[in-house]
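Peer 1: These are the residues of each chain, in order.
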Amino acid sequence: MGVAKYTKDAKGQITDVTLQSGIHVKTFYGPEDLERIGFSYEKDLADPGAYPFTRAIHPQGYRSRAWTTRQYTGFGTSYETNERFKLMIDHGQTGLNVAFDLPTQMGYDSDDPMAEGEVGRVGMAVDSLRDFEVAFKDINLAKIGSGLTINAVASIMLAMYQAVAEKYGYDAKVISATPQNDILKEMIGRGAWIFPVEPAVKLIGDTIEYSMTTMPRTNPVSICGYHIRESGATPAQEIGYAILIANAYIDNVLPRGYDVDEFVGRFSFNFNVFGNIWEQVAKFRAARKLWARNLKEKYGVKKESNMFMRGLFGGGGYGLTKAQPENNIMRGAYYALSAALAGAQTIALCSYDEAYTIPTPHSAVISLRTLQLLMDEVGLRDTVDPLAGSYFIETLTKEMEEKIEEEMAKIEQVGGIVSAVSTGYIQNLVSQQAYAFEKGIQSGELLKVGVNIHTEGESKDVELHEYTGETAEKQIEELKRVRRERNQRETTRTLVDLEQATRAGKNVMPYLVDCCKAYATVGEMTSVFRNVFGEFKEPGLF
Amino acid sequence: MARTIRILIAKPGLDGHDRGAKVVAHALMEAGMEVIYTGLHQTVEQIVATALQEDVDVIGLSIMSGAHIPITEKLVRKAREAGIDDKMIVVGGVIPGRDIPRLKELGVRGVFPGGTPFTEIVRVIKENVRRDQEAKWE
Numbered sequence: 000m001g002v003a004k005y006t007k008d009a010k011g012q013i014t015d016v017t018l019q020s021g022i023h024v025k026t027f028y029g030p031e032d033l034e035r036i037g038f039s040y041e042k043d044l045a046d047p048g049a050y051p052f053t054r055a056i057h058p059q060g061y062r063s064r065a066w067t068t069r070q071y072t073g074f075g076t077s078y079e080t081n082e083r084f085k086l087m088i089d090h091g092q093t094g095l096n097v098a099f100d101l102p103t104q105m106g107y108d109s110d111d112p113m114a115e116g117e118v119g120r121v122g123m124a125v126d127s128l129r130d131f132e133v134a135f136k137d138i139n140l141a142k143i144g145s146g147l148t149i150n151a152v153a154s155i156m157l158a159m160y161q162a163v164a165e166k167y168g169y170d171a172k173v174i175s176a177t178p179q180n181d182i183l184k185e186m187i188g189r190g191a192w193i194f195p196v197e198p199a200v201k202l203i204g205d206t207i208e209y210s211m212t213t214m215p216r217t218n219p220v221s222i223c224g225y226h227i228r229e230s231g232a233t234p235a236q237e238i239g240y241a242i243l244i245a246n247a248y249i250d251n252v253l254p255r256g257y258d259v260d261e262f263v264g265r266f267s268f269n270f271n272v273f274g275n276i277w278e279q280v281a282k283f284r285a286a287r288k289l290w291a292r293n294l295k296e297k298y299g300v301k302k303e304s305n306m307f308m309r310g311l312f313g314g315g316g317y318g319l320t321k322a323q324p325e326n327n328i329m330r331g332a333y334y335a336l337s338a339a340l341a342g343a344q345t346i347a348l349c350s351y352d353e354a355y356t357i358p359t360p361h362s363a364v365i366s367l368r369t370l371q372l373l374m375d376e377v378g379l380r381d382t383v384d385p386l387a388g389s390y391f392i393e394t395l396t397k398e399m400e401e402k403i404e405e406e407m408a409k410i411e412q413v414g415g416i417v418s419a420v421s422t423g424y425i426q427n428l429v430s431q432q433a434y435a436f437e438k439g440i441q442s443g444e445l446l447k448v449g450v451n452i453h454t455e456g457e458s459k460d461v462e463l464h465e466y467t468g469e470t471a472e473k474q475i476e477e478l479k480r481v482r483r484e485r486n487q488r489e490t491t492r493t494l495v496d497l498e499q500a501t502r503a504g505k506n507v508m509p510y511l512v513d514c515c516k517a518y519a520t521v522g523e524m525t526s527v528f529r530n531v532f533g534e535f536k537e538p539g540l541f
Numbered sequence: 000m001a002r003t004i005r006i007l008i009a010k011p012g013l014d015g016h017d018r019g020a021k022v023v024a025h026a027l028m029e030a031g032m033e034v035i036y037t038g039l040h041q042t043v044e045q046i047v048a049t050a051l052q053e054d055v056d057v058i059g060l061s062i063m064s065g066a067h068i069p070i071t072e073k074l075v076r077k078a079r080e081a082g083i084d085d086k087m088i089v090v091g092g093v094i095p096g097r098d099i100p101r102l103k104e105l106g107v108r109g110v111f112p113g114g115t116p117f118t119e120i121v122r123v124i125k126e127n128v129r130r131d132q133e134a135k136w137e
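For the record, the sequence lines run as chains A and B. Last residue of the first sequence: 541 in numbering that gives the first Met the number 0, with the numbers rising by one and none dropped. Last residue of the second sequence: 137 in numbering that gives the first Met the number 0, with the numbers rising by one and none dropped.
It is worth saying that the hints were derived from the structure and are not from the lab. Fair warning: this is a prediction, and the values are worked out from it, not measured in the lab. Cβ atoms here follow ideal geometry from the backbone N, Cα and C, with glycine treated the same way. One should not assume that every hint holds.
Computed far set for chain A versus chain B, every beta-carbon distance over 12 Å [claimed, not checked]:
(1) E303
(2) K321
(3) I365
(4) E469
Just the calculated beta-carbon pair ranges, DEER-fashion [unchecked claim]:
(5) R97/B with Q487/A: 19 to 27 Å
(6) L105/B with E472/A: 52 to 60 Å
(7) R5/B with A435/A: 19 to 27 Å
Pairs of lysine-lysine residues, derived as DSSO-like cross-links and limited to a Cα-Cα distance of at most 30 Å, are as follows [what the hints assert, rightly or not]:
(8) K438/A with K409/A
(9) K438/A with K135/B
(10) K86/B with K536/A
(11) K473/A with K77/B
(12) K4/A with K505/A
(13) K438/A with K297/A
(14) K516/A with K505/A
(15) K77/B with K536/A
(16) K516/A with K201/A
(17) K73/B with K135/B
(18) K438/A with K103/B
(19) K536/A with K135/B
(20) K73/B with K479/A
(21) K73/B with K125/B
(22) K103/B with K125/B
(23) K473/A with K125/B
(24) K438/A with K125/B
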C-alpha cells in the first residue's frame, strides 16, 4: 500500500519518516540541502522541455495539452465493450485502454477447456478479427488511440488492430495503438506469460521493428514498472527495473541493424502512483531524468524528443482497500494529484470498487470526473512543474535518483535483468518485501486508513459488476460461426506460413496480420508459437 | 506431538496475480507449516494430483479473477473423485462477502478475503487440522 514508516516519541511527535524506497525525510529542508546534494539548475533540472527533462518533456506542460485520460475498460463480449467505450468517449475520455479476458491474454480460444469459467470475466474476450470489428465499430481510430493491455500475445493483438483498422478503411500509418507488450514484467509480477524468455523478448523486438515501418504512430511497448510495484517492489525498484527492461528490448532490436533513434522514441512507460505523495512526485521527476540520461549516455541517442519518458502514471490498485471502499475515491484523487504534479502525459485511475470487482459504469465515471476536476477546476494546468525549486522536492528527487541507480546496479551485479528474471531473483526479492509490508500493515507499523486506523467495524459490499455464464455461451457461439463461415483453406495457408516464418526466425508480424485477416483465431496463432517456442518455466521460490 | 502441517498453496486458472499467494506462503512458513507452492496457471486436475502426491493436509486456493465459485466447485468434485475429500480446503483472494456462504456450503473451511490478518489464517488452519486429526483417532 506504499505508506511511509513513522517513528514517534513518547509525546506522539514524529521523530523519523522513512519512505518506502528507504530514504529518510528530515524535519525541514533549506539551502544547505541543495548545497549538500550539489544541486545545479542546468544539470539537474533545466527548463521544462529541455534535457534532462526532469521538469517536463514539453516546454508548455499542461498549458498546451492536458493529460490524456484513459480508464481501463473492457469486459464480456465485444458488444458490451463497444458500448462501454462509447460511454467513456461520450463522457469526454480521450483514449481507450482495452482490458482483455484471461483466456485471450493467455492465448486460448473461448471454447478451450483452459478457458472455462473465465470467458469475458476480467476483460473482453477476443477470439478472432470478428470481435475487434464489433468492439471498435463506430470509433474513430484515426483520432482515438488504444492501449491494448496484453503482453504474451501482444504481437497477435497488434496485428489484429491493424487488420481491423484496414478493414474499416484506415491506413495503418494513421492509427495509434499502445500494446502493453512487456513480458519481463509479466514474469516478475502479473503472471500472464506463455513463452520462454528468449522467444518472448524476440516477439517484442518484432513488434518494435514492424511498427517502425508500418505503424509509425504506434507505441509498440509500454514498460510497466506498475505491476512490479504491485508485486512488492519499492518505488525506486519500480523505476530501476523498468529502465533495465526497456534496455533489454532495445538490445534485442539493435542487432537487427537499426539506429536506436529510429525506434526508441515510441517506447512508453506505465508507472504506479499509490503511496507517499512526495515520494511519487520525486520518483517521476527522477525517472524522466534517468531515462533521458540512460539513452543519451549509454545508447548515444541524438534526437531530444526520443529521450522523453512518456507514459501512463496512474492506477494505484494496491493502494485501494476493501474496507470503507468510498475512501478509495479520495485516494484516487490524491494519486491523480501526485501524477499531475509530476507531469504525467496520461493518467488513469483504478475505480473505487476495483478492490472487489470490475468497475461499474458509475465508478468508472467517478474516476474520470476526478481527473477532469483536477484538470479543469483546481488549477493543475496553470504552470509547469509547480513544485520545482522546493528545497525538499529537489533534494528528494536527487536522493531518489541515487536510490534508483543503486537498485539498477544490484541487478547488474547478479547478471542483468534477463537473468534476474529467469532465475527468480527479483520475484523472490519483491515477494519478501511484499510479506514484510503486509506484516507492517497488520502490526500497525504502517498506517492505512480504514484498515488499521479510523476503522469502523464490518465493511460492507459495494455494488458489483455482474458476470454471467451467458457471456461465454454467446462468445463461443460467435466463435463457432466464424470458424464455419471463414475460408478455411485461406486460414490454413496463413497459419502454415506463420509457422514457417516463426521457425525461420523471421519477423512474424506481417504473417500475423495475414492470419488475422483470414480470421485465424487467437488460440490457433498462439498454438503455432507454443509448438515452436515451448513454454516458460516459472523459477521455484519455495 | 502433532506432525508439521503440510499445505498446498495453489493458483488455479489463468490469473497470474500471485502477490497474495506468495505473501500467505511466507506467513504460513513462518508459522511453522510446510508450504508447497504450485506456481501459476494450474488446472484443478493438476492441483488435485499435486495434493495427492505431496500428501498435504490442506489445499489453499488463491483466486483473484472472480471465478472462485466455479473453481472451488470443480476442486471439491475432483478431490472427491480422487478420494482425497478429507483434505481441508481454504480459499483466499478477491472474494466478495456475499459469496462466502456458498463457499462454506461447498465445504470450504476458511475463506480469507484480501486483508485477512495472517494470525487469523494460521488459527483457522491449525484448529481445523487439529480437529481433523483428533476425529481420525476417535
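Peer 1: Are the hints correct? Go through all of them and say.
Peer 2: How the hints compare with the structure:
For E303/A, the shortest C-beta to C-beta distance to chain B comes to about 37 Å, beyond the 12 Å cut-off, and the non-interface label holds. With a closest Cβ-Cβ approach of about 6 Å to chain B, K321/A is found to fall inside the 12 Å limit, against its non-interface label. Listed as a non-interface residue, I365/A keeps its Cβ farther than 12 Å from every Cβ of chain B; the least gap is roughly 20 Å. The claim that E469/A is not at the interface with chain B holds, since no C-beta of that chain comes within 12 Å of its own (minimum 14 Å).
Take R97/B and Q487/A: their Cβ atoms lie about 46 Å apart, and the range 19 to 27 Å is violated. A hinted range of 52 to 60 Å for the beta carbons of L105/B and E472/A is inconsistent with their spacing of about 24 Å. With their beta carbons about 25 Å apart, R5/B and A435/A fall inside the hinted range of 19 to 27 Å. Under the criterion of a C-alpha separation no larger than 30 Å, the hint pairing K438/A with K409/A is consistent with the structure, at around 25 Å.
A threshold of 30 Å between alpha carbons decides the hint, and for K438/A with K135/B the separation of about 35 Å lies outside it, so the pair is violated. For a cut-off of 30 Å, the pair hint linking K86/B to K536/A stands: about 28 Å separates their Cα positions. A hinted pair counts as satisfied when its Cα atoms are at most 30 Å apart, and K473/A with K77/B qualifies at roughly 27 Å. A distance of roughly 51 Å separates the Cα atoms of K4/A and K505/A; the hinted pair therefore is violated under the 30 Å criterion.
Of the pairs offered as hints, the one joining K438/A and K297/A is violated, with about 40 Å between alpha carbons and a cut-off of 30 Å exceeded. The hinted pair formed by K516/A and K505/A meets the criterion: a straight-line CA distance of about 19 Å does not exceed 30 Å. Only pairs whose Cα atoms come within 30 Å are accepted, and K77/B paired with K536/A is accepted, the gap being roughly 26 Å. Restraint check for K516/A and K201/A: satisfied, since their Cα atoms lie roughly 23 Å apart, inside the 30 Å limit.
Of the pairs offered as hints, the one joining K73/B and K135/B holds, with about 26 Å between alpha carbons and a cut-off of 30 Å not exceeded. Restraint check: the Cα-Cα separation between K438/A and K103/B comes to about 27 Å, which is no more than 30 Å; the hinted pair holds. Our distance criterion of 30 Å between C-alpha atoms is broken by K536/A and K135/B, whose separation comes to about 39 Å. Using a Cα cut-off of 30 Å, the hinted pair K73/B and K479/A holds, with the two alpha carbons roughly 26 Å apart.
Among the hinted pairs, K73/B with K125/B is consistent with the structure: their alpha-carbon atoms are about 25 Å apart, no more than 30 Å. Taking the CA atoms of K103/B and K125/B, the gap is about 18 Å. The hint holds against a cut of 30 Å. Among the hinted pairs, K473/A with K125/B is inconsistent with the structure: their alpha-carbon atoms are about 44 Å apart, more than 30 Å. A distance of roughly 20 Å separates the Cα atoms of K438/A and K125/B; the hinted pair therefore holds under the 30 Å criterion.
In this structure, the earlier hints numbered 2, 5, 6, 9, 12, 13, 19, 23 are contradicted, and the remaining ones agree with it.
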